[in-house]
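A.B. asks: With the sequences and hints as input, model every part of the structure.
Numbering (this note's numbering), first residue to last: 55 to 249.
Hints in this document: simulated from the structure, not taken from any laboratory. Cβ coordinates follow ideal geometry from the N, Cα and C atoms, glycine included.
Once the Cα atoms are required to be at most 27 Å apart in a straight line, the calculated DSSO-like pairs of lysine-lysine come out as:
1. LYS131 / LYS237
2. LYS229 / LYS185
3. LYS141 / LYS185
4. LYS237 / LYS185
5. LYS141 / LYS237
Across the chosen pairs, the derived CB separations fall in these ranges:
6. GLU240 / ALA191: 23 to 31 Å
7. PHE224 / GLN68: 32 to 40 Å
8. SER225 / VAL109: 34 to 42 Å
9. CYS168 / PHE104: 36 to 44 Å
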Amino acid sequence: MAAATQCNNRKLLQWGLVLMLLSVLSVSVGIFKGASWAIGVSAAMSVLLFMLLFVIVFTKTADSTGTGSAGAAVAQKEFHCVWAACKFRELQASCVARPIFNLVCVTSDQSNRCLVVCRHLATVDRRPPAKISCQRACACCLDDYHLNTDVALLPCGHAYHQECIARWCFSSVKKISCPTCRKPFEHTATTMTSL
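C.D. replies: In structure tokens, the structure reads:
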């Protein structure tokens, strides 16, 4: 985000300097060609007004993309979700009779959505799902699971690659819900009571 803003400011500065140079050049040509004083004054006023407009636009752009907390809030999103992290082989062997659900903080930088970070914050007391999905492929990416694959078992019983379901959080426009059954798995007060 900062690099894109820096690039936009650089372009704004370049265009401002080019337009100012053209304005000064037109005033100079008007004066040297013997134009009337009214044309010279109006050309000089246009240069001054342009410079004033440029300074206002440039400072507003720089202020809105500064290093303040508003810029940081736009640059990064964060979701709190509930899922049980395990290996796919554990799901296959039905070892997960009582999966351990965790509150997971999922963050992603808006400039690069491919970089998703999951941090386990706390263990959450959760009833195990009535039925655990036996699908051999992730519904998000359609890749097959391998035995040592890290999967996220959602409270509804569907499992996905942890990385896929973390990215799914950022692609969902409204509430964060299971890609298959649409039951929410975001950590909110209503999710806590319904699960």
